[in-house]
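Chains as they are written, first to last, in the numbering used here: chain A, 1 to 578; chain B, 579 to 1082.
Heads up, some of the hints might be wrong.
[What the hints assert, rightly or not] Simulated pairs of lysine to any residue, SDA-like, Cα-Cα distance not exceeding 25 Å:
(1) A:478 / B:606
(2) A:204 / B:606
(3) B:598 / A:201
(4) A:126 / B:668
Calculated directly from the structure, the hints in this document are not laboratory data.
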Amino acid sequence: MSNTYTPHYEQPEEQQAYYQKVKDLLDHYEDGWDVFINAHRDRNYDYVLTPKEEHKNNPYIPQSWLELADSVIAIIAKDKYELDVYDNVIEIIRADHMLDAYTTVGLPNSYRHWSFGKKRLSEEKKYDATKGLAYEIVINSNPCISYCMEDNSPLMQMLVIAHAAYGHNSVFKNNHFFKDTTSADTILQENQRLSEYVFECEQKYGWQEVSELLDCCHAMRFVSSTGSAARRIKSQKELQEDERQRIVEDHLNPPIKSVFNFKKENIDTSQEQAPYAHAGEDNILKFMADNAPHMPEWKRNIMRMVSNVSQYFRPQMQTKILNEGMATFTHDEIMTTLRDIGLIDFGMYMEYTQINDGVLYQPDAVRKQQAPDGSIQNVIVGAEMNPYTLGLKILREIKRICQNPTEEDKRWFPQFAGDPDWLAVVHQAAYSTNDETFIEQYLSPQAMRDLKMFLLTTEYENDYYEISAVHAGDGFKKMRSQLAKDQRFHEQLPQIKLHDYQETTDRCLVLRHEMHNGLSLDYQDTSLVLEMMHHQWGHPVVIETVDENGTLVDYNTSIPDYDHEDYKPLPPQTLENV
Amino acid sequence: MTVIRDRRQEAPNDKYGTDKERFRLRYKAQIKKAIQNHVSESSIQDIGTKGISIPIPKEMTHEPIFHHAGAPDSFRKVFPGNVSFDVGDRINKPPSGSGKGDKGDPSADAEDSEDSFIWVSEEEVLDLLFEGRSLPDMTKLAADHVKIMTSEPSGHTNKGPSHRMDMAITNKKRKEESLVLSKTSERRILANLSEQFNILASHAMPDLDAIDLDGKTKSERFQEIARATSFVAKDIDAQQTYKAQQLCDALMQSVTTLKTNHTSPLPESSAKRLQILENRLADQFKIQQRSNSYQDQHLTYEYDDDVPVPSAKAVMFCLMDISGSMGQEEKNTAKSFFWLMNKFLKARYDEVDIVYISHTTTAKEVDEETFFHSKETGGTIVSTCIEETLSVIKERYSPAEWNIYSAQASDGDNVQQDNPVLIEKLEDLLPLVQAHYYLEVHPASVLTGPSDILGLYEDLQKKYPDKMKVQEDLRSPEDALEAFKKFFPVNGTQEPVSALNAYL
């Protein structure tokens, strides 16, 4: 790429295509270019638009202020920043609607369950105490639904539309983690169907029983650690077919261990070591639904549906930093553009930066405190990284590295340092990564310096924390990989897989937890979950914890003093046994 | 394309109401227990007046999942906001015991760390408290002169407020009528038009060939219309509505064209017939238009009638010894019982009067405030309060009309000479009342044996087991609750304990 190349979005605003479009649109109204400033002065986003005489009856121009704001932002987002988004639905809601949305993490029309009641009560209590609510909530669906609070000022409303309806929305549509694991087209309908089905079952079987089942589903829904909704479990028929194939092949091409050269030790060991066909399956909820020995069909259906709908939350958990970073980056760019072309004045921009800084506030993890003896000491208060700040920092850094790379940047990011088309790099970063890879690939030394990061380690037996890396020297790489590792899913949730199903004896279900960093399972909670599973499965459920070498370190069962080894299926009868 | 939905006026659905109700049902046992504790702990006037907030410990509402055990022994974590640290610096951990969160991982998340609270209103408190308990001998119903009216649904009317409209019936009526009317009117219109057409066509002029009907030649048009009219003769119901409409339109057009282009005069009989048909057509169209819309006679409203219900009235006599020997502690215990009983009666009867009588050596009727708060000293003559009760009954509360309950609290002190009088008065009183409750209260700290008059009351209890109820040795408000439970046992079937509690 030559140095003289200037992307269209770097040219003077007046020469860009979007500018003319915005101008044409605003020309329809008496207020013209000042429409947003006037509405803001009125503090009213129900501001009445007065179209010019000749456009009075034109139904093709925005009829309300909100529509107009959305149209202008859409032109800037799509034409200047090349964002590809789902269609938007913007809902103006009240505080109680917002509390509703909190309760089910945004998904409308969820089924009924006591845990939602509990969450709602605690949210209400929090709201009563603080009167603080989010400005918006956005749902990963097609069309993309953004809930905006009614008490947002006109400026806030513009900010929220840019943030949610274009920033988040573009990530939902383009990020491959979302594309792979969720189906935005059907999620709302799927959830609706689930809640209708649950309602139906409640009518038939009583809500207590359904609620019990849902308790179990809730406990298990995020166990699947790979998160691949597409990974399918083979049906019993397919398994039989596989088995048939194997027998035919064995027959045509007999292995060494045939009846003719049968040796006892051969058979015994090989039979015992043959793993269960489904071993390694991590969507245990779905496995239970498909294979539970005596579960009524409706329970299986609910379990499958919950397992499907739960996939909706997974990419959001894995892309928190990236998602918020991109949304904040988008609204920041759009608001700055609005200021540059004079659609909002400097007073409004000041108000915007104030709000923005509130969102981006990053408390320090270290605080000075007076010790009892009077000396001033540094105390670790453990403030977490603000995902908005971190995400925005990384994306802004990408932009800076493209525009004004330093020698250091060229060394760290040779692939894009000095690239004139910074927007493409930003899109590449936002659409092809999740939090872990986002940090691993794009966190720059300058960002770490700006955020004054440091790496803290401690051992249980020590009575001190040790600083093992700061923003200098080789500390960058250490901190970056550590921060990336923290975002990994199985660092947060244990990895649990199916190990065995003793179908022929006592139908015990054996799960296996693979230990990481010496983190064992919480004993009490695990027992409770196993009990719930036992209740639904109808037979004992056990979980083995194995360390990296595969040695058993912990064992927990759904009923006390049970050992599934006692019921291990016998090897199939052989000639010797007969 | 963006859609903007303004939901500010929309009420949120009641889904979360149901969820909260589920949550409450799940912890009903806890709520009940908490209410009973609350009743016995709080002062009488405060019990449940503003509703109470009941904490449900977080261990109970905990939703278990597979997760890692607590804070790890060791951790590595990146934090923002370095001040002046360099590699190898050490910071002391805060001394253990200064707080749970400070130990181990400083970022241990605080989610789920709070108890949930369920808010229960006063009515619900009482409902839960009195659930399944009933009063003995609630017999005297329907005093003639007091009538309480209640609304009961009784059929439907044609007039009413719009929110009472029964849409199902209204819609059904309209549908029925439109089914009949629209089909009939369609058939009539078509018959009318085709007759007009036939009359006009039979006298068709030769110059009809010149008429250009809707871009088609005359003969084509006539064939079409002939086909169409043949349908009219058949069952029109077999046709789709829109087809009938099309036929109607086609016929109408043809008839109009024929009329305007008809130059030669018709025979008189035909002209007359045509005129009649034309007049009729206008009416028929009117009927057809009406047939699909809601008419006044379709509108149906639910109707409630006021029905008198028999009412039950009760009067409660609260008798308390406020002499010097009754300490504040004993009074509190007694008041707890009176409060409970008062609320209970109010929950069970439509109309409850309460008469407060306090006594030392003399008895007098007082108001609520004085009854619960006044302090007096002096000796005790118990029979005076029974006498006062009798006189109030005689004066104001005819036993024929009122259900009378009396509750008496005392520490058992009485002048020896008064005991025979007391029994005499009680024997007078008992036939008049539904039940008489006697509580003997003592201070919690002092050991005292049963008093003399307790024996008397117990003898009476043996004599009148239905009417006289005695509870001895009340020492705290909790005992008052126990006494209340004993006097009014749960005799309804209790709700089965939820299977959900198996987890708890």
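A quick look at each hint next to the structure:
In summary, the hint linking residue 478 of chain A to residue 606 of chain B is not supported, as the alpha carbons are separated by about 53 Å, beyond the 25 Å threshold. Between the alpha carbons of residue 204 of chain A and residue 606 of chain B the distance comes to roughly 23 Å, so the proposed pair stays at or under 25 Å and holds. Using a Cα cut-off of 25 Å, the hinted pair residue 598 of chain B and residue 201 of chain A holds, with the two alpha carbons roughly 20 Å apart. Distance restraint check for residue 126 of chain A and residue 668 of chain B: the Cα-Cα separation of roughly 38 Å exceeds the 25 Å cut-off, and the hinted pair is therefore not satisfied.
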